[in-house]
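Participant: Single-letter residue listing:
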Amino acid sequence: MDKLLEINGLTKRFGPISAVDNISFSVSRGEVLGFLGPNGAGKSTTMKMATGYLSPTNGKVSVCGYDVLHSPLEIKRRLGYLPEGAPLYGDMTPNSLLNFVCDIRQLNKEKRKTGYEHVVESLQLERVLHQPIETLSKGYKRRVGLAQAIIHDPEVLILDEPTDGLDPNQKHEVRQLLDRMSHSKAIVISTHILEEVDAVCSRAIIISQGKIVADQKPSMLERSSRFHNAVGIRIEAENSERCISLIESIPDVLTVEIVRNDDELVEIIVFPSNKTDILGSISNSIDEGGLKVLEMYVERGRLEEVFRELTVGGFEVGNA
Amino acid sequence: MRNTWIICSRELTSYFISPVAYVFIVIFLALAGGLTFFFGKWLDRGQADLQVFFIYHPYLYLFLIPAVGMRLWAEERKSGSMEFLMTLPISTSQAVIGKFLAAWIFVGIALSLTFPIWLTVNFLGNPDNGVIVTAYVGSWLMAGGFLALSSSVSALTKNQVIAFVLAAVICFIFLMSGVELVQAFFRAWAPPRFVEAIAELSFLTNFGDLSQGVIDVRDILFFLSVIAGALFVNILIVEIKKSS
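Chains as they are written, first to last, in this note's numbering: chain A, 98 to 417; chain B, 379 to 622.
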């Protein structure tokens, strides 16, 4: 595969604190890597080093085969970067800022025109092109930041929280945009929104205290959740006790947890042992007992829970 | 070179879209004029020259140039736009020189707007215009020296007030390095050679000749090397601060 971004043993120390501690990963063309982790885990620091803004204490970054320390300009040319918080020149208008970026990036007339039109259209900047950036809403600022990052159609895109501050519709638009661009680029995004990982990322890395604690496909991460293949059932309260005892007698069932219990309705989650598929045997035994359930569903697993376990609990999932 | 100009012109444009530029120019012109007429008693002297106009420039610059220079990098660091700028395909030196040039040109524009006084002196008498041109160039070079110093100090901090005060102090030291106040400070601990060298660095001495129309290459080289030296330090500071 075409590895566009390679990071090897990257470490950054600020005094005695290791912000990033020996991180290695690579991103190929066509991949969208979601970078997850609690605040202060080292996401932004890693991204800053990948762009060449911050020099690493140790380790190596290469973009499209160029080493960040030896050819920083070559790297910056091939890279689009949205810094955290999308800081831009507030006194400029999106129009003048984008033109400035085109000038610096030495885009020829044709590339400039298509790039400009593409970002203005796909990020819906038409309406604010001539307003000073400092007067724009957070969502617009973020989109102008995105626009400057993608206007030159870079091979590698590094976006620090690209959807932060956007409303649900705008988030959706940006995700679609990322999706459209993903086949020709290597994209790294950091985010706090776990559903986003599911929606746009082909791979997720979770880092905690400067270390990688998971590097897998989002679906694989979900699988490591204890909720994977668990079955949720909603039943009328009067039948609940019988139902639970029926289910508990199924051999593959590990435990049954009651998550909601009021006068009319009881909701339980059934955890299988070894995350096996138990939907069939549950529905069989419920049928045989002549019970009626209101709703039954299989959990895919909860990213949020995996995230919490990995970043608070401290156990490691084998790297993919 | 190309990138330096692009950065320079972006900066220069941004001076004029904010009120800062106009406020600065008005205050500069008012003070320059006020000092010349009231303190220098320019009209009462009855001489067709601009001596008393230029004589106050070092002191005017002492406060006004740090005010221009303080924002150059401090603002960039505070707002985070430095990260945007420095991840564009430009080198640190292009950014530093581009920003410096824009500020220097801006000061040059303010300085050139004092032209009515030149017209006046030509209207009233027959001044030596060569002297005046030399003095203008000297004044602009000195402004560049102050500005380069202020710019590198500005890269040290995110706080513009600190940048301003520090820059003013450093400019003061360079301006007055031949004067006893500064000399005494260094004489206390530095070897005599060093103290002498410090005296040579005085802006006041080096501007003195130029302001009287004496074109001494050493004076011009002095200001150019102060600019080059300060910008070199500026580049180093930006590089170091970027990584910490």
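The hints are simulated quantities; they were obtained by calculation from the structure and are not laboratory data. Remember, it's a predicted structure, so these values are computed and weren't measured experimentally. No residue lacks a Cβ here, since even glycine has one placed at the ideal position from N, Cα and C. Treat the hints with care, as some may be off.
[Unchecked claim] Below, simulated DSSO-like cross-link-like pairs (lysine-lysine); rule was C-alpha separation at most 30 Å, straight line:
# : chain 1 : residue 1 : chain 2 : residue 2
1 : A       : K206      : B       : K536
2 : B       : K619      : A       : K268
3 : A       : K157      : A       : K372
4 : A       : K157      : B       : K619
5 : A       : K389      : A       : K308
6 : A       : K235      : B       : K536
7 : A       : K157      : B       : K620
8 : B       : K419      : A       : K308
[Claimed, not checked] Computed Cβ-Cβ distance ranges for the label pairs, DEER-style:
#  : chain 1 : residue 1 : chain 2 : residue 2 : range
9  : B       : S469      : A       : R397      : 43 to 53 Å
10 : B       : F610      : A       : R397      : 28 to 38 Å
11 : B       : V539      : A       : P113      : 27 to 37 Å
12 : B       : V547      : A       : E207      : 46 to 56 Å
13 : A       : T211      : B       : L497      : 27 to 37 Å
[To be verified] According to the in silico footprint, chain B covers these stretches of chain A (three or more CB under 8 Å from chain B):
#  : segment
14 : 140-149
15 : 173-180
16 : 198-206
Participant: Now look at each hint and say whether the structure bears it out.
Facilitator: For each hint, the structure was consulted:
1. A:K206 / B:K536: Violated. K206 (chain A) to K536 (chain B) sits at ~38 Å, over the 30 Å cutoff.
2. B:K619 / A:K268: Roughly 34 Å separates the two Cα atoms, so the pair is violated.
3. A:K157 / A:K372: Between K157 (chain A) and K372 (chain A) the Cα gap is close to 39 Å, so the pair fails against 30 Å, i.e. violated.
4. A:K157 / B:K619: holds (21 Å)
5. A:K389 / A:K308: violated (48 Å)
6. A:K235 / B:K536: Measuring from Cα to Cα gives roughly 23 Å; hence the hint holds.
7. A:K157 / B:K620: holds (18 Å)
8. B:K419 / A:K308: violated (71 Å)
9. B:S469 / A:R397: 43 to 53 Å: holds (49 Å)
10. B:F610 / A:R397: 28 to 38 Å: Hint violated: Cβ distance 59 Å, outside 28 to 38 Å.
11. B:V539 / A:P113: 27 to 37 Å: holds (31 Å)
12. B:V547 / A:E207: 46 to 56 Å: Check passed, 52 Å falls within 46 to 56 Å.
13. A:T211 / B:L497: 27 to 37 Å: Given range 27 to 37 Å: violated, Cβ gap about 52 Å.
14. 140-149: With 3 residues close enough to chain B, the hint holds.
15. 173-180: With 5 residues in contact (Cβ-Cβ under 8 Å with chain B), the coverage given for the segment 173-180 of chain A holds.
16. 198-206: Holds, because 5 residues of the segment 198-206 of chain A bring their Cβ atoms closer than 8 Å to Cβ atoms of chain B.
Of the numbered hints given earlier, the model fails hints 1, 2, 3, 5, 8, 10, 13; all others are met.
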